[in-house]
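Could you put the whole structure together from the sequences, leaning on the hints where they help?
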Amino acid sequence: MKFSKYFISKFIEILIVIFGYIIALMMLFAFKASSQLVFGISITFLVICFAVTLTGYLKRRRFYNNLISNTEKLDKKYLVLEMLNKPSFYDGEVLYEVLYEINKSMNENVKKYEMSLTYFKEYIELWIHEIKLPIASLMLMNHNQKNKVDKRYEEQIKRIDDYVDQVLYYVRSENAEKDYLIKEVSLKKIINNVAMKNKDDLLENNIHFISQVKDEVVLTDSKWLEFIINQIISNSIKYKKDKDSFIKLSVNDLPKQVDLHIIDNGIGIPAKDIGRVFEKTFTGENGRNSSKSTGMGLYIVKKLCEKLGHKIKVLSVQNEYTEVIISFSKDDFYKVR
Amino acid sequence: MIVEDDKIISEELTHLLETSGYNVITLTNYDNTLEDILNSNFDLLLLDINLPKVNGEFLLKEIRKVSNVPIIMLTSRALETDEVLSMSYGADDYITKPYNPTILLLRIANIFRRMEKNVNSLNYDDIKVYQNKGILVRNDKELDLTKNEMLIFLCLLNNRGNIVTRDELMTELWNNEEYVNENALTVNVSRLRSKLEDFGIHGAIETRKGQGYKLL
Numbered sequence: 562m563k564f565s566k567y568f569i570s571k572f573i574e575i576l577i578v579i580f581g582y583i584i585a586l587m588m589l590f591a592f593k594a595s596s597q598l599v600f601g602i603s604i605t606f607l608v609i610c611f612a613v614t615l616t617g618y619l620k621r622r623r624f625y626n627n628l629i630s631n632t633e634k635l636d637k638k639y640l641v642l643e644m645l646n647k648p649s650f651y652d653g654e655v656l657y658e659v660l661y662e663i664n665k666s667m668n669e670n671v672k673k674y675e676m677s678l679t680y681f682k683e684y685i686e687l688w689i690h691e692i693k694l695p696i697a698s699l700m701l702m703n704h705n706q707k708n709k710v711d712k713r714y715e716e717q718i719k720r721i722d723d724y725v726d727q728v729l730y731y732v733r734s735e736n737a738e739k740d741y742l743i744k745e746v747s748l749k750k751i752i753n754n755v756a757m758k759n760k761d762d763l764l765e766n767n768i769h770f771i772s773q774v775k776d777e778v779v780l781t782d783s784k785w786l787e788f789i790i791n792q793i794i795s796n797s798i799k800y801k802k803d804k805d806s807f808i809k810l811s812v813n814d815l816p817k818q819v820d821l822h823i824i825d826n827g828i829g830i831p832a833k834d835i836g837r838v839f840e841k842t843f844t845g846e847n848g849r850n851s852s853k854s855t856g857m858g859l860y861i862v863k864k865l866c867e868k869l870g871h872k873i874k875v876l877s878v879q880n881e882y883t884e885v886i887i888s889f890s891k892d893d894f895y896k897v898r
Numbered sequence: 009m010i011v012e013d014d015k016i017i018s019e020e021l022t023h024l025l026e027t028s029g030y031n032v033i034t035l036t037n038y039d040n041t042l043e044d045i046l047n048s049n050f051d052l053l054l055l056d057i058n059l060p061k062v063n064g065e066f067l068l069k070e071i072r073k074v075s076n077v078p079i080i081m082l083t084s085r086a087l088e089t090d091e092v093l094s095m096s097y098g099a100d101d102y103i104t105k106p107y108n109p110t111i112l113l114l115r116i117a118n119i120f121r122r123m124e125k126n127v128n129s130l131n132y133d134d135i136k137v138y139q140n141k142g143i144l145v146r147n148d149k150e151l152d153l154t155k156n157e158m159l160i161f162l163c164l165l166n167n168r169g170n171i172v173t174r175d176e177l178m179t180e181l182w183n184n185e186e187y188v189n190e191n192a193l194t195v196n197v198s199r200l201r202s203k204l205e206d207f208g209i210h211g212a213i214e215t216r217k218g219q220g221y222k223l224l
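Residue numbers (the numbering used here), protein chains in the order written: chain A, 562 to 898; chain B, 9 to 224.
Rather than coming from a laboratory, the hints here were simulated on the basis of the structure.
Wrong hints could be hidden among the right ones.
Among chain B residues calculated to face chain A with C-beta under 8 Å, some are [to be verified]:
no.	residue
1	D14
2	I16
3	I17
4	H23
5	L24
6	L25
7	T89
8	D100
9	D101
10	K105
11	P106
12	Y107
13	N189
14	T194
We put the CB at the ideal spot given by N, CA and C, even for glycine.
In structure tokens:
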């Protein structure tokens with residue numbers, strides 16, 4: 562806050578003061594006051610005016626400078642009111658009260674949306690829980706009818722199940738709550754679960770599934786990681802090449818982290834798209850060509866990895882290979898429990 | 009015994025297990041679930057977590073106070089916390105819906121196999137089967153089998169006289185982290201067959217075209 566600008570903003574008050582001063586002068590001259598008196602009164606008048614303006618300025622300066630610098634410093638600017646002292650001048654008080662009211666109503670508004678989002682999330686979780694029942698029934702019914710019903714039914718049921726899972730993990734990845742549990746998990750077991758899930762797809766498409774994972778243990782949530790790996794494997798199956806396809810999983814045990822490499826020899830990702838594969842709804846050239854892509858899978862994968870504290874990276878050369886690397890940090894903190 | 013309140017799933021599970029040679033009883037009334045379970049006679053319990061009036065995890069905890077019977081938890085909630093809780097309450101396995109029926113059968117079979125003490129000395133006629141060593145023994149003569157061949161042989165042996173589909177064999181192999189393809193399975197079966205021939209067992213494995221294999 563600058564004095565010069567403050568002074569200019571008081572333009573009308575200054576005009577009024579000058580106008581009053583001229584009238585006073587005219588009155589003094591009309592009563593033929595001595596020039597010393599006129600001079601004395603003028604000086605007093607000027608000093609008083611200046612003092613009033615200055616004190617007004619100083620009071621405001623303290624309050625507003627505080628407000629401005631705090632707002633600049635704060636990451637969450639809407640919390641600035643919490644750090645301000647109530648001002649000692651009237652217009653400042655009015656401003657403070659109004660800001661307080663605005664803040665309060667905004668908080669209520671935000672809370673409303675937060676609640677509706679929470680309800681929505683709860684409903685989605687419940688709904689997924691419910692929809693899994695008919696899916697499970699269908700799977701069992703289909704199995705019990707074997708020989709009469711062909712394998713395509715099973716594939717479609719599996720697709721439905723995969724898409725339902727995607728919604729579930731999307732909701733979980735967007736939510737601020739911590740609904741995962743990190744513990745020591747055997748990579749081999751999770752990979753086996755994913756392999757079993759995709760067995761028919763892999764065999765059908767003649768994709769060689771190679772796991773070189775030994776007994777490595779990582780710190781993660783097994784359900785989430787299973788979803789993550791399943792998404793990556795699904796992509797590998799979706800974007801395979803016609804001949805001699807393989808998907809290879811291997812582990813690199815480093816001093817500070819464990820890297821899981823998932824490599825396929827599929828169609829790869831064009832160089833111009835690779836930087837954007839984790840973006841929401843980004844489908845890229847491959848997605849456009851296959852029309853089965855929602856652009857959500859890898860986005861959710863990335864979000865889940867971020868929440869779990871894993872790093873994920875994609876390397877690819879078009880028409881040659883795609884490699885996904887997930888890095889799990891070895892954190893002693895979790896082991897102590 | 010199946011405790012699952014979704015009628016269709018319960019029926020289909022019953023059907024699935026009965027065709028696999030198990031005797032099944034189900035619970036239809038959930039007024040005194042715990043007492044009803046404890047008063048029933050069964051070798052293995054499939055227990056749903058979400059039941060009317062009572063929670064499966066609670067039932068599990070109560071049953072474990074008095075019995076060591078194998079229990080597999082079934083649930084549609086894919087939450088790690090549920091699984092950890094169930095396992096810590098003493099569940100033998102935990103399967104998330106929608107489960108692959110073949111895998112479910114496999115897990116059940118595994119639990120029963122674990123319960124049998126003499127896992128390592130199965131017999132096929134006058135031949136002793138040592139699974140862990142990967143050998144068959146007859147009259148002090150040994151036959152080495154690879155891991156895959158052993159898995160296939162055991163799977164056929166456990167279903168002796170019945171047809172085992174290629175899909176079932178495949179599931180068994182994949183479940184043991186042997187991710188073979190269709191060709192490799194064919195090769196493995198024929199190699200197992202010729203090894204058995206060399207060992208003096210003739211025509212033991214019969215091929216049923218379009219259906220699977222049968223151990224005579």
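Evaluated hints:
1. The interface hint given for B:D14 is met, as the beta carbon of that residue sits about 5 Å from the closest beta carbon of chain A, less than 8 Å.
2. Against a cut-off of 8 Å between C-beta atoms, the interface hint on B:I16 holds, since the closest Cβ of chain A lies about 4 Å away.
3. Restraint check, B:I17 versus chain A: the minimum CB separation of about 5 Å is within 8 Å; hint holds.
4. Nearest Cβ of chain A to the Cβ of B:H23: about 5 Å, under the 8 Å cut. The hint holds.
5. Using the Cβ-Cβ criterion of 8 Å, the hint placing B:L24 at the interface with chain A is satisfied: the shortest such distance is roughly 6 Å.
6. Taken as an interface hint, B:L25 does not check out: its beta carbon lies about 10 Å from the nearest beta carbon of chain A, beyond 8 Å.
7. Because the beta carbon of B:T89 sits about 5 Å from the nearest beta carbon in chain A, less than 8 Å, this interface hint is met.
8. For B:D100, the interface hint is violated, the least distance from its beta-carbon to any beta-carbon of chain A being 16 Å, above 8 Å.
9. At about 13 Å, the closest approach between the beta carbon of B:D101 and any beta carbon in chain A exceeds 8 Å, and the interface hint on this residue is violated.
10. Annotation: interface hint on B:K105 holds; nearest CB of chain A at approximately 4 Å, less than 8 Å.
11. The criterion of a C-beta within 8 Å of any C-beta in chain A is met by B:P106, whose closest approach is roughly 4 Å, and the hint holds.
12. At its closest, the beta carbon of B:Y107 sits 7 Å from a beta carbon of chain A; the interface hint therefore holds under the 8 Å criterion.
13. For B:N189, the suggested interface contact is upheld, since its CB lies about 6 Å from the closest CB of chain A, less than 8 Å.
14. Given the 8 Å rule on beta carbons, the hint for B:T194 is violated: about 12 Å separates it from the nearest Cβ of chain A.
In the structure shown, a violation is registered for the earlier hints numbered 6, 8, 9, 14, in ascending order.
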